[in-house]
Amino acid sequence: KMRAGAEEAESSGYQRVVLKNASPHQYLKSDLPPRVLEDESARVSAIDLKTFITSCLRSLFGEVGAALNVDVLKYDEETLTALLRVPSRGLVKLWSSLTLQGFYQNRVCAFRVLQVSPFLLALTGNSRDLQLD
Amino acid sequence: MCADLSRTQRNLLVCERSSFLDEKNRVSSQMEQLRFNYKVSVLLPECGSAPSHLESILNSFSSFYLVKQLPLYELLDKDFLQSAVYQGSVYGLSFRTRIDEDNCVALLPNGHLVFSLDKDAFETLGLEGRPSRSNRTSSRYEVTVDLRDGSMAPGGRGYLRLRRALTSHLKLQMDFLISHHPGGGASLRPLLSRCDWSEHRPEVGRRGLSRLVRPALRSCDPHDLLEWIGAVDAAVSRENSSSDFLSTLTCLEPEATVSRAMSVSTCGLLLPQDLQHLVEELRCYLQQAQTDSWASVTVHGFTDSPVSWGDGERDILTGGHDLYNLLMFPDHTYRLHLAAGAQKTCPP
Chain Z
1 KMRAGAEEAE
11 SSGYQRVVLK
21 NASPHQYLKS
31 DLPPRVLEDE
41 SARVSAIDLK
51 TFITSCLRSL
61 FGEVGAALNV
71 DVLKYDEETL
81 TALLRVPSRG
91 LVKLWSSLTL
101 QGFYQNRVCA
111 FRVLQVSPFL
121 LALTGNSRDL
131 QLD
Chain L
1 MCADLSRTQR
11 NLLVCERSSF
21 LDEKNRVSSQ
31 MEQLRFNYKV
41 SVLLPECGSA
51 PSHLESILNS
61 FSSFYLVKQL
71 PLYELLDKDF
81 LQSAVYQGSV
91 YGLSFRTRID
101 EDNCVALLPN
111 GHLVFSLDKD
121 AFETLGLEGR
131 PSRSNRTSSR
141 YEVTVDLRDG
151 SMAPGGRGYL
161 RLRRALTSHL
171 KLQMDFLISH
181 HPGGGASLRP
191 LLSRCDWSEH
201 RPEVGRRGLS
211 RLVRPALRSC
221 DPHDLLEWIG
231 AVDAAVSREN
241 SSSDFLSTLT
251 CLEPEATVSR
261 AMSVSTCGLL
271 LPQDLQHLVE
281 ELRCYLQQAQ
291 TDSWASVTVH
301 GFTDSPVSWG
311 DGERDILTGG
321 HDLYNLLMFP
331 DHTYRLHLAA
341 GAQKTCPP
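Protein chains in written order, with this note's numbering: chain Z, 1 to 133; chain L, 1 to 348.
Keep in mind the hints are simulated off the structure, nothing from the lab. Using N, Cα and C, we set each Cβ at its ideal position, and we do this for glycine too. Some hints could be false.
[As the list claims (entries may be wrong)] Restraint ranges, calculated between C-beta atoms of paired labels, are given here:
#, chain 1, residue 1, chain 2, residue 2, range
1, L, 195, Z, 107, 41 to 51 Å
2, L, 126, Z, 108, 42 to 52 Å
3, Z, 62, L, 287, 57 to 67 Å
4, L, 331, Z, 114, 34 to 44 Å
5, Z, 62, L, 196, 54 to 64 Å
6, L, 195, Z, 16, 37 to 47 Å
7, L, 259, Z, 43, 43 to 53 Å
8, L, 139, Z, 16, 30 to 40 Å
All chains, full assembly: derive it from the sequences and hints.
Right, here's the structure in full:
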């Protein structure tokens with residue numbers, strides 16, 4: 001009863017909390033433009049992508065970098081667009097290793113990072129996608 | 001000396017819990033502080049289709065206008081100032097201009113005309129401004145002109161100086177999105193009649209969802225809550241385990257399963273007044289719903305707007321845009337989360 005009372009008091013009170021740099025993860029939306037892959041028929045599956053990301057991290061930051069827990073939240077094989085999640089302390093490592101990777105299986109490639117945010121919710125809307133023609 | 005690779009840009013999340021019946025509640029004024037809204041998405045549980053009242057509110061959102069290659073001096077036309085800037089609230093934003101590369105302009109409802117300019121444009125225009133506060137090495141400059149100020153009345157010294165800058169020093173021209181409350185297109189006619197314009201209605205999209213595992217919405221951690229709502233919005237699977245190869249994203253502390261839900265969203269230049277009507281409508285809807293029901297509204301700001309929350313300067317070097325999420329319950333309580341993409345601005 002005490003707990004229910006306490007919950008009631010809390011729900012009717014006003015509470016404001018400001019959290020600074022408290023997001024445990026950072027989220028990236030990136031793509032690998034098909035035209036950049038020299039062989040347009042090359043298929044990249046989600047597992048291929050995750051393996052590739054791990055190898056990018058390893059080539060720049062070694063085994064410690066490769067141990068970073070990068071999640072491929074969503075991947076579209078047609079557009080080669082991926083939503084990635086990484087712990088906040090690993091964002092710079094992930095972003096730099098993707099940017100500096102120029103080859104995928106001996107083919108020239110270029111990752112393009114479209115959006116970065118500490119909130120996954122922010123990646124569901126991008127005003128740069130607004131088409132009005 | 002090694003750089004600290006584990007640092008990220010500063011991000012702020014304001015978390016508020018209160019009740020709409022509380023005197024201190026100021027949700028309306030907080031929503032109004034985000035001037036330029038790009039997308040709103042509503043998530044309703046136990047719904048097979050969007051309620052009719054919700055559909056009608058979304059379909060009644062104000063139209064907005066796209067003016068192609070608007071010469072900016074046209075915003076100083078006397079008739080336009082009289083009908084749109086001095087009366088009601090005008091919302092104008094340059095379109096297809098990137099805040100980190102191009103010159104961006106915003107016309108705010110309080111009559112302020114805000115320019116975010118690169119070094120060359122700033123020096124050529126010759127207007128009074130200041131370097132961007134967000135990053136001193138970024139070579140961006142901000143100029144703010146109050147069109148409702150006495151010196152900016154047509155014929156005044158400030159007005160003539162601005163007009164001369166925009167007509168002879170540098171003829172800035174860009175695509176422009178514009179809307180007006182409450183006048184709509186009628187108030188904008190003096191401007192539209194001289195330009196290449198098209199009217200647009202915000203586009204509504206609907207998506208049915210099934211079998212959502214949700215956390216304890218009233219008590220879960222703010223970041224977990226926003227991650228959950230983001231995962232639902234982005235259609236990201238949360239049925240992973242901590243040992244999965246691709247993704248370890250799971251619902252932390254699941255409380256219940258929602259058998260079906262409805263996600264409705266609309267995109268365009270959305271006015272804060274329309275969003276407030278939407279929130280009021282959802283509150284009425286919740287009064288008739290079950291006690292364990294809820295409704296989530298997420299609003300995204302424009303990425304390339306030169307102003308952030310409360311007309312603060314937008315930081316061009318941070319990722320993300322301003323957004324907020326309002327999670328409402330049938331007992332008039334709510335959880336509000338406001339996120340700023342800017343370094344120096346705190347949400348209201």
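Going through the hints against the structure:
Between residue 195 of chain L and residue 107 of chain Z the CB atoms are about 47 Å apart, so this pair conforms to the stated range of 41 to 51 Å. The hint said 42 to 52 Å for the Cβ distance between residue 126 of chain L and residue 108 of chain Z, and at roughly 46 Å that hint holds. The supplied range of 57 to 67 Å is met by residue 62 of chain Z and residue 287 of chain L, whose beta-carbon atoms lie about 58 Å from each other. Separated by about 40 Å at the C-beta atoms, residue 331 of chain L and residue 114 of chain Z satisfy the suggested range of 34 to 44 Å.
About 56 Å separates the C-beta atoms of residue 62 of chain Z and residue 196 of chain L, a value consistent with the hinted range of 54 to 64 Å. One distance hint, 37 to 47 Å for the beta-carbon pair residue 195 of chain L and residue 16 of chain Z, holds here, with the actual separation near 44 Å. Between residue 259 of chain L and residue 43 of chain Z, the C-beta spacing of about 36 Å breaks the proposed range 43 to 53 Å. Range check, residue 139 of chain L to residue 16 of chain Z: Cβ separation about 36 Å, and the 30 to 40 Å hint holds.
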